[in-house]
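Undergrad: Residue numbers (the working numbering), protein chains in the order written: chain A, 1 to 246; chain B, 1001 to 1321.
None of these hints come from the bench; they were simulated from the model.
Model, not experiment: these values are computed from the prediction.
Do not rely on the hints blindly, as some may be mistaken.
To be verified - Straight-line C-alpha distance at most 20 Å; calculated SDA-like pairs for lysine to any residue:
hint, chain 1, residue 1, chain 2, residue 2
1, A, Lys2, A, Gln164
2, B, Lys1188, A, Gln164
3, A, Lys196, A, Gly30
4, A, Lys199, A, Ser106
5, A, Lys244, B, Lys1318
6, B, Lys1138, A, Gly30
7, A, Lys225, B, Lys1318
8, B, Lys1138, B, Ile1268
Unchecked claim - Anything over 10 Å on all C-beta distances counts as not near chain A; from chain B, calculated:
hint, residue
9, Thr1166
10, Arg1207
11, Gly1216
12, Glu1220
13, Asp1223
14, Pro1234
All residues carry an ideal CB built from backbone N, CA and C; glycine is no exception.
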Amino acid sequence: MKFLVCISQTPDTTAKISFNAAGTEFNSAGVQFIMNPYDEWYALVRACELRESLGGAVIVINVGPATNETTIRKALAIGADEAVRIDANPQSAAFVAKQIAEYARSEQFDLILTGKETIDYNGSEVGAMVAEHLDLPYVSYATKLDLSGDTASLERDIEGGTEQLEVDLPAVVSAAKGMAEQRIPNMRGIMMARSKPLKVVPPVDYMEPVTTVKFTMPAEKAGVKLVDPEQMDELVRLLHEEAKVL
Amino acid sequence: MVLVYAESPNGQFKKTAFEAVTYGKKLAEISGDSCVAITLGTQAGNAGELGRYGASRVVNIPDEKLNQLDSQSAAAVLAAAAQQLAAKVIVLCHTSTGKSIAGRLAVRLQAGLVSGVNELPEINGTAFHVKKSVFSGKAYAEYAISSPVKVLSLVGNAVRAESGGTAVPVESLSLPVPAGRVRVKAVKTVEGRVPLPEADLVVSAGRGMKDPGNWGIVEELADALGASTACSRPVADSDWRPHHEHVGQTGIAIRPNLYIAIGISGAIQHLAGVNNSKVIVVINKDPEAPFFQAADYGVIGDLFEVLPRLTAAVRKFKSSN
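So that you can see chain A by itself, here it is in the shape it has in the complex (with noise of 0.2 Å):
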């Protein structure tokens, strides 16, 4: 069973974001920079698992520069056998997607798996685009993922419930909570991380019909209106007043 794990750096999650003045570009200075956690606590984990009972190989594959490769050897220390790093800034989703399915076409991967967005740009997209590149079949935002011979099982999340499906592999699946837990890389998985292949592959021409124009702060909040715990009545006053919600 030969796996492709799709992983993206981005900002940590209590990062404070900001950008430069004219508001086009992300301010990476003194921000901190981690594995997507859906990337890395469900698709990478859950793959590790599954090669761990079925054997095969996992291979990541990450579109970014060189100093990607802090994330990418991480994921290594998790589990994964080896990595791809396809040598491009990853200006979209779409140019990402086509990136990686570039990459997979030739490789006859069994499972691609991504996590269900990205906690920076919240789009996802790779997924459904990668398969479709690939003439694939896709499942978004799988909790459970087992697999049976060519067969995969999965359970998503839809809106006010679940779905149970199965699909014949080839096939790509985004991940969600549920589907693993997260592991902590161990020292020895840190060790033999180092020595394992990193490959660098130059990107593909694309030409790019989304380009973002500019970034802005959502408005500040007025501050906290305080109401009285005994005055719920008045509470009630505000919010159909007010803030006309009710």
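Use these hints to put chain B onto chain A, whose structure you have.
TA: Coordinates of chain B only, in the frame set by chain A:
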């Protein structure tokens, strides 16, 4: 022409579909086009009703293979319909279904995609700019789409569904539908309250409740308001509440009109799932709880005393209005 895919899970249109049609109609007004709604499958309910939300035509592709979601078949057939109807913009709902299809559709149509848009685009000649929330609600990004065909997915509760129009007849469109490779074996839906992503009012509680047996007062407040219930991650992880109620970064992201947070401290991971709510009320006995900084209204007090009082006040308000 603006083409809106109106989802009809289990033969029912949900609020998000009406919102998407309303959005499509307003977008069409800006661009001087018409808005056409499209539905898939043989159980697409009362699709003519979509005319009331602004669709000038409603098209249905009546093929049983489309009754359950397979993103591959759905994207193939929507792309073919978009081409046949000469759609310039395709609008989807940013739901579990829409997210499975949007990326595929964009690739098929060589279209630029912006997913999770929260307002109407600005259109100036050929320039097409549209905004979405990024960094888990901590910022907005404005994107320019330069491709001739564009795909947008609209987040729920960003646009209010407006039903001023009239129902229209449903036209059947016959297109080849490729067989899907995903087999849906079972669908389990949670009975009762409105699913969280669609809820206007949400009452949410955290560890401050101390014990799962104390949730009665939360349910009573939710019942009085007609709200849905949610919870924080520690509560879901301890199985005090079901997993589907977990809002926050690893749970679901919601944007209701009113979010009432009870005994939740407001960690950044929790805020990431709720900070797009229009109005936030925080009830907490700890005046230092970080959630107060993100709140519009705050009540510093013991939730076990405050909640019954608030429920009584809501009931009084409801009975006099």
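Undergrad: Confirm or reject each hint.
TA: Hint check results:
no. : hint                  : in the structure
1   : Lys2/A - Gln164/A     : violated (24 Å)
2   : Lys1188/B - Gln164/A  : holds (8 Å)
3   : Lys196/A - Gly30/A    : violated (29 Å)
4   : Lys199/A - Ser106/A   : holds (15 Å)
5   : Lys244/A - Lys1318/B  : holds (14 Å)
6   : Lys1138/B - Gly30/A   : holds (17 Å)
7   : Lys225/A - Lys1318/B  : violated (23 Å)
8   : Lys1138/B - Ile1268/B : holds (10 Å)
9   : Thr1166               : holds (28 Å)
10  : Arg1207               : holds (18 Å)
11  : Gly1216               : holds (18 Å)
12  : Glu1220               : holds (13 Å)
13  : Asp1223               : holds (15 Å)
14  : Pro1234               : holds (14 Å)
Figure legend: structure checked against the earlier numbered hints; hints not met, in rising order: 1, 3, 7.
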